[in-house]
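Number of protein chains: 2
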Amino acid sequence: MKQQVAERMQGISAFYVMELLQRAKELERLGRDIIHMEIGEPDFPTPQGVIDAGRALLQTGEVKYTAAAGLPELRSCIADYYQQQYGVKLDARRVFITPGASGAFLLAFGISLNPGEQVMMSDPCYPCNDNFVRLFNGKTHFVDVDATTGYQLTADLIARHWHQASKGVLVASPSNPTGTLLGEGELQRAIDTVNDLGGCFYSDEIYHGLVYDQSAASALQFSDDVFVINSFSKYFGMTGWRIGWLVVPDGFVEAAEKLAQNIFISTPTHSQHAALASFTPENKAELERRRLEFKTRRDFLYENLLKLGFKIACKPEGAFYIYADCSAFTDNSFEFARSLLEQEGVAVTPGRDFGQHLADQHIRFAYTASVDRMAAALERLERFLCR
Amino acid sequence: MKQQVAERMQGISAFYVMELLQRAKELERLGRDIIHMEIGEPDFPTPQGVIDAGRALLQTGEVKYTAAAGLPELRSCIADYYQQQYGVKLDARRVFITPGASGAFLLAFGISLNPGEQVMMSDPCYPCNDNFVRLFNGKTHFVDVDATTGYQLTADLIARHWHQASKGVLVASPSNPTGTLLGEGELQRAIDTVNDLGGCFYSDEIYHGLVYDQSAASALQFSDDVFVINSFSKYFGMTGWRIGWLVVPDGFVEAAEKLAQNIFISTPTHSQHAALASFTPENKAELERRRLEFKTRRDFLYENLLKLGFKIACKPEGAFYIYADCSAFTDNSFEFARSLLEQEGVAVTPGRDFGQHLADQHIRFAYTASVDRMAAALERLERFLCR
Ligand SMILES: Cc1ncc(COP(=O)(O)O)c(C=O)c1O
Ligand SMILES: Cc1ncc(COP(=O)(O)O)c(C=O)c1O
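So the protein lines, in turn, are chains A and B. Numbered continuously in the numbering used here, the first sequence closes out at residue 1848. Numbered continuously in the numbering used here, the second sequence closes out at residue 1848.
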């Protein structure tokens, strides 16, 4: 019987948080007040300048396919952005506009990964990573990480775990779910190590911009032979617009061009025109205000979770997540999250969405809610813990 | 050396028409007037009601991720649409909103196709089909078709070519590039045949609505065990919005849900809200006016190409293409297209973009230009042929 689900789907799981999210919505329909700290998207609306640019484009009615690689002027803006942010000279030919970082992953692995090849990544990490690899019949090689390396793969870990079937290494700095950075020196050593091994280095930089104590380094500062995945979703506040980008090494430009034509045709046109307005001084000022607000929230949530008895081995330096060890209260963080939602109406994401390593001892809090709402959540949490 | 382009990319080619398109743009920059009959998208702007709905959503600033499968109300609208158009009762749970029909193909093959399995399709056909199959390390089994079967795979052809490694069959009616239909009876027989063989039936119905002499049947009229790929791009005039849909058999609902979460997160939110406005009576009336305009254009172009000496073995009944045999003038349609562009500024698509079978004897004309522009193109074409 051939009318069967493809084998790769056996290894691809739905996000556990979806179950909680659905229950949260049910409770809301029943009139309960739910505080959402599970959601991986900014609570801010898209900045007004970007909205206005999108509306202006729609006004013309001309929402036609663009070039597969994206609007030339947007690719140039992004190349310039690397110069301003990181002092990196980047040829716009290497920049591909994609439907989110999600589309960037599709493109990056589609053009580089052969069946059976392995991509190394940390456990915990962003849950979709493994599934993109599976989509192309590759294999994920998870390496357990903990606070001793800031929950990041280091050059040393990479070298120790690299083997015959390894194709490359994926890192994300700041990381989802831990919010931790790979320091500049460590990033460079990791890239050097992978380059020496002849492998592909995939750097997910989607949380760049949302960094609070120092700035994050881009992989492009240290090598041209890297894939950089980024997006307008998080820092730029454009989740639902579905727009991101991929930077590829020179030798992959032609392949990326061909594959993008075939699988995307193009990235949403109105989103591309809107994204152009992200680089104005006004918008940058607005994004900086938001960054400072996130920093305030992080400090507030971090202090208060510690007070309640959660352990947070590494103070998160970026993104909008705190990955908290709840082992003082439970050895089953999924049940913990479920009860917290039922009893107190606070929604968080269970560790098992991000891997297996110590997953049942962790939950992820997203500070995508105001300080006031988080204060209310913390009160509820305290009551919950005292039961 | 692992830092190499994935092997699948060797078989994935850029569209030949891209070369012509680039040259056309160059010529335009030099001040030449180019008549575009190569482009596979409606020349009409997106209908005003849809634009307005998109603008209204942007106004709120809340362009957040939606559920991975799409807005529930849009899935319902589409399910209802099957009732109205085809008299088919369809559970909205089986409808997945995707980034274009392109996204629908990604999802359909991602959840059903194992490495090495073969998908049967006609030569000529839409060039991306084969490349979606390659993406997942499947194999395309091309079956040559000609006018005797209306350039379509029939039950008979399917049965004759089916073998051990066959996973399923992909048809498109109306077809790109030929504009021909698979008649209702033939479609039913094809589906029955594939179902009897236990295979997957993939029906690309993106040109439904753009049919001029009779209406096209949906695969869903004959079986629930089919994948239907469709889009807001063509009939609904929303190419650049990147929104389409996939209907899956019941047994694939869970897999589609999981994969969509992982590879898309969601389909552009503003596009989904805008698409909701496609189903109003005003919009339907506007789309009907456009359909009649396309019909006029088809008749005009068809008559005149015949007069010039092109052979068109099957009068196209849908889409906005005429696949014309130019063997009276050349045995290299790509060179023909190139010279036509250089000498007369008329852009068309060479047959080799759609396969190999008699490809050098065919070019595709898209009637996505007004009758006046096409009249000018025909004059130029006549002059070109008389040289
Ligand atoms: C680490 C990471 N990478 C990539 C993505 C994909 O985001 P998008 O496709 O919206 O750009 C996310 C979204 O949550 C993420 O957390
Ligand atoms: C036959 C066919 N299928 C699918 C597509 C993909 O269109 P979209 O992704 O814009 O819906 C096209 C576009 O030209 C097509 O011609």
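If you are wondering where the hints come from, they were derived from the structure by calculation, not from laboratory data. Any given hint might turn out to be false.
Note that the list lumps identical chains together, so a pair holds whenever it fits in one copy or between two copies.
[Said to hold, decoys possible] Computed list of lysine to any residue pairs in SDA-like fashion (alpha-carbon distance at most 20 Å, straight line):
(1) Lys1463 - Trp1623
(2) Lys1550 - Pro1506
(3) Lys1463 - Ala1789
(4) Lys1772 - Asp1605
(5) Lys1550 - Asp1584
Cross-check of the supplied hints:
In this homomeric assembly, Lys1463 and Trp1623 come within 20 Å of each other (Cα to Cα) only across copies, at 12 Å, whereas the closest approach inside a single copy is 37 Å. For the homomeric pair Lys1550 and Pro1506, neither the shortest alpha-carbon distance inside one copy (32 Å) nor that between copies (38 Å) is at most 20 Å. In this homomeric assembly, Lys1463 and Ala1789 never come within 20 Å of each other (Cα to Cα): the closest approach is 49 Å inside a single copy and 45 Å across copies. Taking the shortest alpha-carbon separations for Lys1772 and Asp1605, only the intra-copy value of 19 Å comes in at or below 20 Å, while the best inter-copy value is 65 Å.
In the homo-oligomer, the alpha carbons of Lys1550 and Asp1584 never lie at most 20 Å apart, since the shortest distance is 33 Å inside one protomer and 45 Å across protomers.
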